[in-house]
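Using the hints, position chain X against chain S.
As they're listed, the protein sequences go chains S and X. If you read the first sequence in my numbering, its first letter stands for residue 1, the second for the next number, and so on. If you read the second sequence in my numbering, its first letter stands for residue 1001, the second for the next number, and so on.
In case anyone wonders, no lab produced these hints; they're calculated from the structure. Any given hint could turn out to be false.
[What the hints assert, rightly or not] Residues from chain X that keep clear of chain S, each with C-beta distances beyond 12 angstroms, as calculated:
| # | residue |
| --- | --- |
| 1 | Thr1042 |
| 2 | Gly1047 |
| 3 | Ala1082 |
| 4 | Gly1107 |
| 5 | Gln1108 |
| 6 | Gly1155 |
| 7 | Ala1164 |
[Claimed, not checked] Here are the computed lysine to any residue pairs in the SDA-like style, where the Cα-Cα straight-line distance is at most 20 angstroms:
| # | chain 1 | residue 1 | chain 2 | residue 2 |
| --- | --- | --- | --- | --- |
| 8 | X | Lys1180 | S | Gly76 |
| 9 | X | Lys1180 | S | Thr164 |
| 10 | X | Lys1171 | S | Ser97 |
| 11 | X | Lys1180 | S | Ala163 |
| 12 | X | Lys1180 | S | Ser97 |
| 13 | X | Lys1180 | S | Pro101 |
| 14 | X | Lys1180 | S | Leu100 |
| 15 | X | Lys1171 | S | Pro101 |
| 16 | X | Lys1180 | S | Asp53 |
| 17 | X | Lys1180 | S | Gln103 |
| 18 | X | Lys1180 | S | Arg165 |
[As the list claims (entries may be wrong)] Per the computed footprint, the stretches of chain S lying under chain X, defined by three or more beta-carbons under 8 angstroms from a beta-carbon of chain X, are:
| # | segment |
| --- | --- |
| 19 | 46–58 |
| 20 | 68–77 |
| 21 | 100–114 |
All values derive from a computational prediction rather than experimental measurement. Glycine residues also receive a C-beta, built at the ideal position from the N, C-alpha and C atoms.
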Amino acid sequence: MTPSPQSQAPTTGPSWAEGVCRGMCDAGIRDVVYVPDNPLAHVLRELGDRYADVRLTLATREEEAFGIAAGLYLGGRKPAVMLQSSGVGNSLNALTSLLLPYQIPTVMIVSMRGDAGEWNSAQVPMGRALRAILDSLAIPHATVESADQACETVRAAAATAFATRLVGACLLPRRLTTAS
Amino acid sequence: MNRLDATRVIVRHAGDGLIVSSLGHPTYDLFAAGDRPRNFYTWGSMGLASSIALGLAIARPELRVVAIDGDGSLLMNLGSLATIGMLQPANLVVVVMDNEEYATTGGQRTPTAHGADLEAAGRAMGVRRTATVESESELAAAFDTERPDRRQARGSLLIVAKVAESAPTVKPPLDCVWIKNRFMNAMGPA
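Here chain S stands alone, though its shape is the one from the complex:
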């Protein structure tokens, strides 16, 4: 696979976002389906600026994003889905009645809300429940603890997902994405 990024322009975004992009690319991902979020905007900008061979597809809702990702996989691609933790709630039927029973893999990159540093109480219940929900579905999840671990954490989660044909998740906590 062609090494990415193709552009040698210096990155201007946060290094965790750069690591997420490299991790996805190293795992062979060239399709990213997403519903945007503030921290994920850094990843989207980095992908758009420096990864010309990565196709970005906007979805109107997270459940739809998983449907599009399933089609991409069936067509021979390796898709990632990027979403906010609240959007995982919108995705449960797609996960439990399409991706999991058909063994259609993807890696979800989840920007966390509701964890340390949260200011909006409406984001808290889903954020706090997320790991238990993923555990109850036997969806493995890894948390990116620091910027220097972002690339390897994402790469390993994605590689495992596609090798085992099971959905995996990488969680990006606010302490990572909102650090100055």
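The following block gives chain X in isolation, referenced to the frame of chain S:
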């Protein structure tokens, strides 16, 4: 035209194209109309047939991809029309089997029985080619994207097929992984 008749028209026109069917009666009728390895039968994920087909259409631009959706199912994921209107892959056809009822769950009436117009929704979301059809010949004509007068307006095609309910009598195999593997093997690598 009942739904099984309409499904037979689609299978007849599908060639080596891919067909994704929405759960319940559309999936049962696709199996009855013509089981083929390039059929992807969904057994769940109500609303996502057009999204799965969109992902396939992006991934495999050399193949025609047909979603067989239901009116109740599409109403559950109406945002899909906006995404299709934005991306507009010319190899994507979404056929909505509009029987104006949730037939699989006992025939409760859907909003299309009260005037909701899914073709108008598609047009409003920018889907470039749309049609509402009420007979097999109209469906066949709408489905034929090779017609010269349609070549000018490349883009995704949304067909709302007004159909009568037809009680299915057979179902495809329940083994989801088998359905997926057969489908992917039939298509071969990209």
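The hints, checked one at a time:
1. For threonine 1042 of chain X, the requirement that its beta carbon stay farther than 12 angstroms from each beta carbon of chain S is not met, with the minimum near 7 angstroms.
2. A Cβ of chain S approaches the Cβ of glycine 1047 of chain X within 12 angstroms, the least distance being about 7 angstroms, so the stated non-interface status is violated.
3. Not every C-beta of chain S lies more than 12 angstroms from that of alanine 1082 of chain X, the closest at about 6 angstroms, which undercuts listing it as non-interface.
4. Annotated as non-interface, glycine 1107 of chain X keeps its C-beta farther than 12 angstroms from every C-beta of chain S; the closest such distance is 23 angstroms.
5. Every beta carbon of chain S lies more than 12 angstroms from that of glutamine 1108 of chain X, the smallest distance being close to 19 angstroms; the non-interface claim holds.
6. Chain S leaves glycine 1155 of chain X outside its interface by the beta-carbon criterion, the shortest separation being 17 angstroms against a cut-off of 12 angstroms.
7. The Cβ of alanine 1164 of chain X sits about 28 angstroms from the closest Cβ of chain S, beyond the 12 angstroms cut-off, so the non-interface label holds.
8. At roughly 12 angstroms between alpha-carbon atoms, lysine 1180 of chain X and glycine 76 of chain S fall within 20 angstroms of each other, so this suggested pair holds.
9. Between lysine 1180 of chain X and threonine 164 of chain S the alpha-carbon distance is near 15 angstroms, which keeps this suggested pair within the 20 angstroms criterion.
10. For a cut-off of 20 angstroms, the pair hint linking lysine 1171 of chain X to serine 97 of chain S stands: about 17 angstroms separates their Cα positions.
11. Restraint check: the Cα-Cα separation between lysine 1180 of chain X and alanine 163 of chain S comes to about 16 angstroms, which is no more than 20 angstroms; the hinted pair holds.
12. Using a Cα cut-off of 20 angstroms, the hinted pair lysine 1180 of chain X and serine 97 of chain S holds, with the two alpha carbons roughly 13 angstroms apart.
13. The hinted pair formed by lysine 1180 of chain X and proline 101 of chain S meets the criterion: a straight-line CA distance of about 10 angstroms does not exceed 20 angstroms.
14. Only pairs whose Cα atoms come within 20 angstroms are accepted, and lysine 1180 of chain X paired with leucine 100 of chain S is accepted, the gap being roughly 12 angstroms.
15. Proximity of lysine 1171 of chain X to proline 101 of chain S is assessed by CA-CA distance (about 18 angstroms); at most 20 angstroms being required, the pair is judged to hold.
16. Proposed proximity of lysine 1180 of chain X and aspartate 53 of chain S is contradicted: the alpha carbons are some 27 angstroms apart, above 20 angstroms.
17. For the hint linking lysine 1180 of chain X to glutamine 103 of chain S, the alpha-carbon distance of about 8 angstroms falls within 20 angstroms, and the restraint holds.
18. Between lysine 1180 of chain X and arginine 165 of chain S the alpha-carbon distance is near 12 angstroms, which keeps this suggested pair within the 20 angstroms criterion.
19. With 3 residues bearing a CB less than 8 angstroms from a CB of chain X, the segment 46–58 of chain S meets the requirement of three and the coverage assertion stands.
20. With 10 residues bearing a CB less than 8 angstroms from a CB of chain X, the segment 68–77 of chain S meets the requirement of three and the coverage assertion stands.
21. Proximity of the segment 100–114 of chain S to chain X, defined as three or more residues with a beta carbon under 8 angstroms from a beta carbon of that chain, is established by the 4 residues found.
Checked against the numbered hints listed earlier, the structure breaks hints 1, 2, 3 and 16; every other hint is satisfied.
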